[in-house]
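So the chains spell out like this:
6 protein chains.
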Amino acid sequence: MRPSGRTPQQTRPVTITRNFTAHAEGSVLVEFGDTKVLCTASFEEGVPRFLKGQGKGWVTAEYGMLPRSTHSRMGREAARGKQSGRTQEIQRLIGRSLRAAVDLSLLGENTIVIDCDVIQADGGTRTASITGACVALVDALNWARAKGILKTNPLKHMIAAVSVGIYKGEAVCDLDYPEDSAADTDLNVIMSETGKFIEVQGTAEEAPFSHEELLAMLEMAKHGIREIIDVQQAALN
Amino acid sequence: MRPSGRTPQQTRPVTITRNFTAHAEGSVLVEFGDTKVLCTASFEEGVPRFLKGQGKGWVTAEYGMLPRSTHSRMGREAARGKQSGRTQEIQRLIGRSLRAAVDLSLLGENTIVIDCDVIQADGGTRTASITGACVALVDALNWARAKGILKTNPLKHMIAAVSVGIYKGEAVCDLDYPEDSAADTDLNVIMSETGKFIEVQGTAEEAPFSHEELLAMLEMAKHGIREIIDVQQAALN
Amino acid sequence: MRPSGRTPQQTRPVTITRNFTAHAEGSVLVEFGDTKVLCTASFEEGVPRFLKGQGKGWVTAEYGMLPRSTHSRMGREAARGKQSGRTQEIQRLIGRSLRAAVDLSLLGENTIVIDCDVIQADGGTRTASITGACVALVDALNWARAKGILKTNPLKHMIAAVSVGIYKGEAVCDLDYPEDSAADTDLNVIMSETGKFIEVQGTAEEAPFSHEELLAMLEMAKHGIREIIDVQQAALN
Amino acid sequence: MRPSGRTPQQTRPVTITRNFTAHAEGSVLVEFGDTKVLCTASFEEGVPRFLKGQGKGWVTAEYGMLPRSTHSRMGREAARGKQSGRTQEIQRLIGRSLRAAVDLSLLGENTIVIDCDVIQADGGTRTASITGACVALVDALNWARAKGILKTNPLKHMIAAVSVGIYKGEAVCDLDYPEDSAADTDLNVIMSETGKFIEVQGTAEEAPFSHEELLAMLEMAKHGIREIIDVQQAALN
Amino acid sequence: MRPSGRTPQQTRPVTITRNFTAHAEGSVLVEFGDTKVLCTASFEEGVPRFLKGQGKGWVTAEYGMLPRSTHSRMGREAARGKQSGRTQEIQRLIGRSLRAAVDLSLLGENTIVIDCDVIQADGGTRTASITGACVALVDALNWARAKGILKTNPLKHMIAAVSVGIYKGEAVCDLDYPEDSAADTDLNVIMSETGKFIEVQGTAEEAPFSHEELLAMLEMAKHGIREIIDVQQAALN
Amino acid sequence: MRPSGRTPQQTRPVTITRNFTAHAEGSVLVEFGDTKVLCTASFEEGVPRFLKGQGKGWVTAEYGMLPRSTHSRMGREAARGKQSGRTQEIQRLIGRSLRAAVDLSLLGENTIVIDCDVIQADGGTRTASITGACVALVDALNWARAKGILKTNPLKHMIAAVSVGIYKGEAVCDLDYPEDSAADTDLNVIMSETGKFIEVQGTAEEAPFSHEELLAMLEMAKHGIREIIDVQQAALN
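Residue numbers (the working numbering), protein chains in the order written: chain A, 1 to 237; chain B, 1 to 237; chain C, 1 to 237; chain D, 1 to 237; chain E, 1 to 237; chain F, 1 to 237.
No lab work stands behind these hints: they were computed from the structure.
Think of the CB as a built atom: it goes at the ideal place given N, C-alpha and C, for glycine as much as any other residue.
Take the hints with a grain of salt, since some may be wrong.
As the list claims (entries may be wrong) - What the simulated footprint calls covered on chain E by chain A, stretch by stretch (three residues with Cβ under 8 angstroms from a Cβ of chain A suffice, anywhere in the stretch; the number is not a length): (1) 34–47; (2) 58–70; (3) 114–120; (4) 132–142; (5) 177–188.
Claimed, not checked - On the chain C side, residues computed to face chain B include the following (Cβ under 10 angstroms): (6) S4; (7) R86; (8) E109; (9) N110.
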């Protein structure tokens with residue numbers, strides 16, 4: 001029933017390549033099937049003005065799509081002179097989620113900047129971004145510990161994300177672009193490795209969804225995220 | 001336990017004043033306690049370029065806060081030359097939700113522009129905005145029907161919204177600012193009058209939330225929204 | 001002869017509602033007939049860079065129109081990314097006029113930011129803004145004195161404003177929108193309660209105006225402003 | 001008493017050089033003493049969108065200061081990415097004034113764009129700009145008549161401008177920078193060659209001004225403008 | 001003598017990977033040692049306004065660096081709201097060079113948009129971009145010929161680029177970052193496969209360079225480009 | 001053969017007028033035939049942030065064209081809100097070239113800002129700008145020495161620039177607009193008075209150029225620049 005032939009619960013193959021580029025403290029290429037995102041984590045001294053002097057750190061994120069990561073070329077945001085509402089919505093989501101993974105008071109007055117740049121898009125770029133960014137974040141934290149900048153590990157727990165939805169009347173996990181563009185409902189779920197929710201964002205694209213449909217989707221998300229966290233941990237070991 | 005002395009389920013007094021200003025086709029002042037938002041609906045001929053020639057209409061929204069709607073003055077977005085990520089996130093949510101309330105194919109090639117301007121903020125401005133905007137939308141649709149521009153009513157169902165959250169370990173409904181700024185979890189729920197979900201957005205502000213907490217919050221939201229829809233309908237009759 | 005049936009000298013009913021919103025140090029809704037403007041005065045510590053270290057304060061103003069304050073919807077300036085020339089011209093006028101009402105050396109290194117947001121427009125928004133803003137300013141100064149931040153009152157004198165013009169060949173006072181859009185000449189006059197001029201801005205919209213017409217308009221403005229200052233003072237008592 | 005040794009009524013030497021640059025339909029260097037402004041008038045086919053199809057023309061203006069036209073270097077507006085409020089206020093004034101000099105219905109669907117670029121500033125740049133721009137405008141209109149584009153002359157009357165003010169308690173005409181920066185009151189007056197007012201803009205910089213002071217300044221402006229119009233006409237003959 | 005141990009004439013290993021991403025008509029990852037640039041060519045119907053109706057096509061380019069392609073993180077241009085002067089200079093160079101490779105009159109009213117996004121930077125990003133972009137351009141032209149959109153091949157000749165410079169007093173070819181940042185002179189050379197110059201850009205970074213040094217650098221560039229064109233052609237076969 | 005009747009080697013008459021405006025530390029009007037550029041050099045205390053505390057100075061440049069310096073009016077960059085890529089490319093070139101003329105370590109922590117504003121354009125505005133700016137720079141340095149701000153002269157050598165090109169198959173020197181818009185190749189050469197290259201920028205506008213053509217153009221540039229440096233030195237004596 002799914003265009004890809006997957007079972008409803010089946011996620012796409014998830015691949016995580018660490019040290020994909022040379023300069024960043026954490027650099028991860030994450031692939032959810034044909035969706036490929038380069039996630040880097042930059043460890044920088046100092047914090048934004050509103051946090052100065054509180055002894056706490058900060059984690060923030062930026063997101064972008066290369067102009068030809070999509071079927072038809074998207075205008076370059078740098079050339080248009082502003083980031084779209086969609087871009088801002090996504091990067092706020094990524095930053096908020098990763099802050100929930102870190103004990104900011106153990107980070108000192110340092111900032112970790114996450115950059116998620118979509119090299120190739122086939123649906124689910126925001127969930128792939130969060131999943132990859134968490135690994136890059138861990139690498140950056142470990143870099144800082146190895147350098148002696150951090151004494152203790154500020155990581156509270158790993159987080160990972162997946163999208164689920166109602167496609168042709170049935171709940172499915174990890175939508176690709178053909179499914180995503182035809183789905184009735186789209187739900188992005190971000191969870192910690194401890195099995196709790198970090199963020200739940202569900203939208204009725206075509207038709208309102210029922211309580212039962214929501215429960216079915218959440219169940220599917222939990223299984224999918226558990227598998228994805230296994231991939232993260234395998235990559236880190 | 002709540003700063004306002006309300007019971008956990010209790011919403012703030014919700015007031016809807018129609019025809020608050022003179023020029024818009026729909027003009028509503030909505031109040032959720034001390035949160036006051038002016039919602040106007042403007043009926044305009046024509047549609048954005050990407051819809052031209054398809055015989056369908058469009059609903060879109062913009063959101064703003066008056067600089068001194070908040071405790072300390074916020075910089076005016078028009079003066080800074082751009083809308084914040086938060087503003088864009090909220091206005092995208094409002095527009096998406098209201099499009100779910102309308103059969104765009106019955107709207108003809110017309111656009112309804114919703115403007116939600118916060119006069120005074122005390123938490124829950126996005127859920128108040130959606131609630132008020134839906135009434136303004138109905139007024140604008142009725143205006144177009146009275147003018148003979150629309151033959152049939154494009155409204156599919158009313159929608160309303162409320163925020164729920166985990167505050168001091170307990171689920172509470174319709175958070176005001178003191179609760180919102182101290183909550184562990186914040187969940188915005190938008191539902192149709194038919195009892196289905198339009199949008200669910202939950203964020204772990206402090207601590208990840210469990211499946212049980214999510215269910216408890218959703219239950220509370222359903223009750224709250226039912227009451228708010230009663231206020232909408234009373235205002236329209 | 002006037003569309004509203006007023007006599008040439010007659011101003012519209014002027015209403016001033018203090019404490020219209022909760023958070024600002026001064027918050028006034030001013031109404032000149034159907035023109036309604038929310039004026040807030042925010043008392044902030046510190047001064048702009050060019051004044052630092054001089055022991056003097058500053059008063060500045062920003063102006064905006066809600067998108068649907070007008071007959072047809074105006075694009076939101078925050079979304080377009082810049083303030084129009086008209087907006088900047090008006091907010092410079094408001095700021096300049098109110099600075100003339102205050103002894104800045106008695107304000108200490110503090111800034112009062114005036115925000116004038118037009119809720120509903122029917123001509124004369126800039127003169128209504130100045131009139132309302134002066135009352136909000138007084139409230140903010142009194143707030144600072146009550147708090148002990150200011151020892152002496154920096155207010156030099158109240159100011160108020162009215163527009164006059166040549167409409168159908170005759171001088172008229174306090175033009176509403178139908179008059180304003182058809183007037184030959186438009187003159188905005190701002191005066192102090194001591195009967196002196198703060199600002200005089202006259203523009204030949206259709207035909208140049210004579211010395212005699214200018215004198216007639218100024219005479220009318222003086223009477224109008226005297227009445228408006230009475231309304232300000234009644235509101236403050 | 002005046003820093004320049006001039007009598008109160010005395011204007012600075014006014015010089016008008018036509019055809020200062022080669023490409024524009026009208027190109028004038030205007031000098032009011034040490035204030036030097038290059039004013040060009042460009043005749044362009046077509047009108048802004050809001051005028052299309054009405055058979056009328058348009059006159060508009062832009063104003064700029066070269067970065068080092070002033071004592072200390074001003075940031076280049078093109079580099080900062082926006083025009084200041086002052087710039088916008090001035091260019092709106094120039095455009096409005098010149099539209100009052102032209103019968104737009106005789107201009108056909110053509111636009112005249114006035115550019116006033118300050119080469120060297122010593123006070124009074126806006127009044128010099130208007131004075132020079134009117135001559136450039138006449139040259140551009142004559143160019144269009146010589147080309148056969150215009151059958152009749154759309155010029156209604158020449159206009160010219162001067163600033164007057166209260167300096168050390170006395171009315172003076174055509175303020176230079178040392179006077180301008182110390183004046184109590186500054187009044188810009190724009191008049192037609194028929195002796196009527198196009199625009200009057202008076203501002204109390206330091207102290208409110210009385211009715212008598214206003215009359216004295218207007219009287220002085222009339223004499224000054226009469227002399228300046230003589231210089232314009234000599235330049236055109 | 002060179003930090004990398006290369007001989008003065010020796011270029012870094014150049015690798016060209018076609019079809020690096022899935023959606024673009026041409027997609028090439030080019031590597032000059034540790035410098036890695038993703039170059040895509042998008043074939044789009046239509047031309048910019050200034051070319052409409054002339055039956056000719058257009059080639060244009062945009063360039064960007066991922067924020068963490070460099071040693072320390074660079075601010076994202078999309079977030080800052082404008083492209084730097086350096087970015088604009090480089091993308092103008094890329095577009096101009098590739099237009100010289102194409103007979104625009106054989107392209108029909110179509111546009112090829114080149115995007116060069118630097119994944120990892122180690123000096124020479126502009127010359128690597130041009131080299132990779134030319135291969136992506138060929139793939140896009142071949143795609144259009146296979147689709148029947150183009151009847152004849154608009155390619156006039158391949159082009160490739162290399163940087164040369166004076167490093168520690170001696171001419172060297174294909175500078176990496178340590179050399180580039182210490183060089184006295186930097187010369188970017190772009191040539192066609194026919195051995196002629198498309199663009200020559202030499203800059204004295206530290207000391208002016210002599211005619212003899214220029215000749216020595218040009219000679220070195222010719223050899224380097226010949227090798228690089230061999231790599232391009234191997235990749236295309 | 002040349003539209004102007006000049007011989008291939010012949011430059012246009014070059015004129016340099018110092019002290020063209022009153023306020024800048026260096027102010028030069030440079031004319032290359034009908035191309036006229038006002039170049040000012042502003043001496044300012046302090047350096048950009050990236051140089052603070054190093055005891056070195058900085059030289060930077062900005063470039064602009066007056067809207068009607070060209071045949072048809074160009075949009076004002078300040079009004080459009082950004083500088084074009086061409087403008088940025090040119091001002092970077094001017095700044096880079098002049099930095100090569102100055103020993104920045106002898107400048108102290110001071111900045112010289114060069115502004116080149118094109119009053120009238122007829123080809124070669126960037127080479128005229130550099131030529132005139134160098135004289136303005138010398139005046140500003142001499143001003144600082146006369147004031148005692150600088151003890152020693154930071155000038156390393158004068159620089160000057162000329163454009164050469166291949167026009168109708170033959171190398172020509174100092175292209176005017178008719179030649180420039182029809183040339184096959186355009187080469188901008190900047191040299192020091194010591195006969196060495198500061199910058200060489202050659203572009204194949206129509207056809208790639210050969211090594212022999214490059215040598216012929218460079219030869220012509222050398223002669224042209226020598227003459228232009230003579231004009232600079234005559235102006236300074």
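So, going through the hints one by one against the coordinates:
1. 34–47: Coverage by chain A holds for the segment 34–47 of chain E (6 residues, Cβ < 8 angstroms).
2. 58–70: Answer holds; 7 residues pass the 8 angstroms Cβ test.
3. 114–120: holds (count 4)
4. 132–142: With 0 residues close enough to chain A, the hint is violated.
5. 177–188: The restraint on the segment 177–188 of chain E is violated, since only 0 of its residues have a Cβ under 8 angstroms from chain A and three are required.
6. S4: Since the shortest Cβ distance to chain B is 15 angstroms, the answer is violated.
7. R86: violated (12 angstroms)
8. E109: Hint on E109(C): violated, closest Cβ of chain B at ~17 angstroms, above 10 angstroms.
9. N110: violated (13 angstroms)
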